[in-house]
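J.: Going down the list, the protein sequences come from chains U and C.
First residue of the first sequence: 1, per my numbering; consecutive thereafter.
First residue of the second sequence: 140, per my numbering; consecutive thereafter.
By construction, these hints were calculated from the structure, which means they are not laboratory data.
Just so you know, even glycine gets a beta-carbon here, dropped at the ideal spot from N, CA and C.
Among the clues, some could well be false.
[What the hints assert, rightly or not] Calculated lysine to any residue pairs in the SDA-like style (CA-CA distance at most 25 Å, straight line):
(1) C/Lys439 x U/Val63
(2) C/Lys439 x U/Arg62
(3) U/Lys32 x C/Arg400
(4) U/Lys32 x C/Arg268
(5) C/Lys439 x U/Lys32
[What the hints assert, rightly or not] Under 8 Å between C-beta atoms, here's a sample of chain U residues computed to sit facing chain C:
(6) Glu8
(7) Ser13
(8) Ile64
(9) Met66
(10) Ala67
(11) Val68
(12) Leu73
(13) His74
(14) Trp83
(15) Ser87
(16) Arg95
(17) Leu97
(18) Ala104
(19) Arg106
[Stated by the list, open to error] The following label-pair restraints were derived from C-beta to C-beta distances:
(20) U/Gly34 x C/Gly241: 43 to 51 Å
(21) C/Asp367 x U/Val43: 47 to 55 Å
(22) C/Gly300 x U/Val89: 32 to 40 Å
(23) U/Ala104 x C/Thr328: 35 to 43 Å
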Amino acid sequence: MLDLPEFETTDMSRERARHASEGALTLQVCDKCGLVQYPSRSVCRDCLSPALSWSAVPTAGRVIAMAVVHASLHSQFREQGPWHICSVVLDAGPRMLAFIADDAIRRGDAIEIQDQLVGEERRVLIAKQPGLPGTGEHR
Amino acid sequence: MAARTYAGIAVAQPYTEPYVRHSDEGAPWFLGRTLAGVLRDSGLDKDAIDGLAVTSMSLAPDTVPGMVEHFGLSPRWLESVPYGGASGIIALQRAARAVQCGDAEVVACIAGDTMAPGLFAAQASRFSRFSMEGVWPYGGGGPNAVFALITAAYMERFGVGREDFGRFCVAQRENGSANPIALLRAPLTLEDYLAARPIVEPLHLFDCVMPCAGGEGFLVLREEQAADLGLRYARVRGIIERHNAFPEDAVQLRGGWLQDRDALYEQANAGPDDIDFIETYDDYPVISFMQLEDLGFCEKGGAAGFMRSHSGVVGGGGLPHNTSGGQLSSGQAGFAGGYLGLVEALRQLTGRAIGLQVSDASLGLVSGFGYVNYDRGLCTSAAILERADA
């Protein structure tokens, strides 16, 4: 279980957490045009349809950039840091930020996104090496 | 179709309400002091202002119409310009068109913001739904986290090192050291820059703009009226804006300037070689690098090389860049509304620099950048301004 401080949620992020299930990455998919969406939204980014369904999508992606948060603006994150984060492009389309699960991950690497529950209605994404079991531990 | 020209439009009376790190006053104080400063220096009565454009990131629970009541104005034209650091140039564009079309005669464009301990964090934590779901939970880095990822990608893609960004910051500070209203005036060495504490790696302390309180403003009116009032002014040769350019790019290594620069230079009937100085939006060095590239001063990825022969220091040879020290020296009042570079360009073009004056400056390029709703800045703008007596 990832030990994260409390952070504020939104109507959309709580909705995503409600539909999520362990071992899957659940994002909105447009019923009309099939586009996978993230961050969660009200209408499809391409066709503007409001018919978006929560679905498990492929977790494979690629690391685009990496950073280390030292001076967090959030007091508890600051105390527990530093935090290794990355930006990822999912093969399914969307771009996302994620925590980095282990030291071996480098920019350009193929990774899998693990969608981890934090508390009751918070979820965060973690980039891990493909095929390895998720440890749930942040590096 | 090419945009209509801005013939006949004067941009006058640059004013800065001096920046302070923190203030107990609210945003209306800084907006009001800015409006009063513009009026005082121009000799205009408040009643002469029939148009007002306002930018503020810290106005809540107040509003732009609320400011009109607060300031006792009855304008026939009122514009809220909420585009972060792209706002100043966009306010100028809206105001210039309103004056050209006769919808307003004299428009005051003002930006003002307050800053208190904790306010920046509070703003960053609730900036947008997308950032609340997709950015803030990943360590609470705020804009520093987004720009660290962009900076890391840029460094790796183009082989740029920290010392390249450092040289830019050192040169800007050299300009800023001569600016008595810059908050950070102490000389900065490359050693200081490299030894600074990490904020969000690869960003360190001197890469990150310092949030603060302050205000900036100017007037837009017809040239004849400006001349009648005895105001020195600059002309507008061209303006571009773009929102959400290149949305499919995996990471932001270019901005809307690239999409629109041909239109800008066509409007201005000028090119990068004709520009006497440039004011880029420097929330982080990498963004200034992108502006130099996307506005055609060098090829993509070439900004670090360009800066080796154009340090940016006024009087240092090469293209003067961020002549007042930029936001990295002055501080950033509520994302500065992107007014800082525009107000400085007006000073340069009317021969009234507070710090270092670029000699014989007749064309200046200002660019703006703003609004990180999720993982990139969405709004870009740029303007080419000309000295009126050139």
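J.: So, for every hint listed, does it hold in this structure?
T.: Each hint tested on the structure:
Note on C/Lys439 and U/Val63: the hinted pairing holds, with a Cα-Cα distance of about 22 Å set against a maximum of 25 Å. Between C/Lys439 and U/Arg62 the CA atoms are separated by roughly 24 Å; this keeps the pair inside 25 Å, and the hint holds. At roughly 36 Å between alpha-carbon atoms, U/Lys32 and C/Arg400 are farther apart than 25 Å, so this suggested pair is violated. For the hint linking U/Lys32 to C/Arg268, the alpha-carbon distance of about 24 Å falls within 25 Å, and the restraint holds.
Our distance criterion of 25 Å between C-alpha atoms is broken by C/Lys439 and U/Lys32, whose separation comes to about 38 Å. Hint on U/Glu8 holds. Least Cβ distance to chain C is approximately 6 Å, under the 8 Å limit. A cut of 8 Å between beta carbons decides the hint on U/Ser13: the least distance to chain C is about 4 Å, and the hint holds. The restraint placing U/Ile64 at the interface with chain C holds, with a minimum CB-CB distance near 5 Å, inside the 8 Å limit.
Hint status for U/Met66: holds, given a least beta-carbon distance of 6 Å to chain C, under 8 Å. The restraint placing U/Ala67 at the interface with chain C holds, with a minimum CB-CB distance near 4 Å, inside the 8 Å limit. With a cut of 8 Å, the hint placing U/Val68 at the interface with chain C holds, because the nearest CB-to-CB distance is about 4 Å. A hinted interface residue such as U/Leu73 counts as satisfied when its beta carbon comes closer than 8 Å to some beta carbon of chain C; here the least separation is about 4 Å, so the hint holds.
Interface hint status for U/His74: upheld, as the beta-carbon distance to the closest one in chain C is roughly 3 Å, under 8 Å. Annotation: U/Trp83 was flagged as interfacial toward chain C, and the flag holds, the nearest CB pair being 4 Å apart, inside 8 Å. Taken as an interface hint, U/Ser87 checks out: its beta carbon lies about 5 Å from the nearest beta carbon of chain C, inside 8 Å. With 8 Å as the threshold, the beta carbon of U/Arg95 comes within range of chain C, its nearest partner Cβ sitting at about 6 Å, so the hint holds.
Evaluation of the U/Leu97 hint against chain C yields a held restraint, the C-beta minimum of about 5 Å falling below 8 Å. This hint is violated: U/Ala104 has a C-beta 18 Å from the nearest C-beta of chain C, more than the 8 Å allowed. At about 10 Å, the closest approach between the beta carbon of U/Arg106 and any beta carbon in chain C exceeds 8 Å, and the interface hint on this residue is violated. For U/Gly34 paired with C/Gly241, a C-beta distance near 50 Å keeps the hint of 43 to 51 Å intact.
A C-beta distance of roughly 52 Å is found between C/Asp367 and U/Val43, which places it inside the suggested range of 47 to 55 Å. For the pair C/Gly300 and U/Val89, the supplied restraint of 32 to 40 Å is violated, since their beta-carbon distance comes to about 25 Å. Distance hint for U/Ala104 and C/Thr328: a CB-CB separation of about 37 Å, consistent with the stated range 35 to 43 Å.
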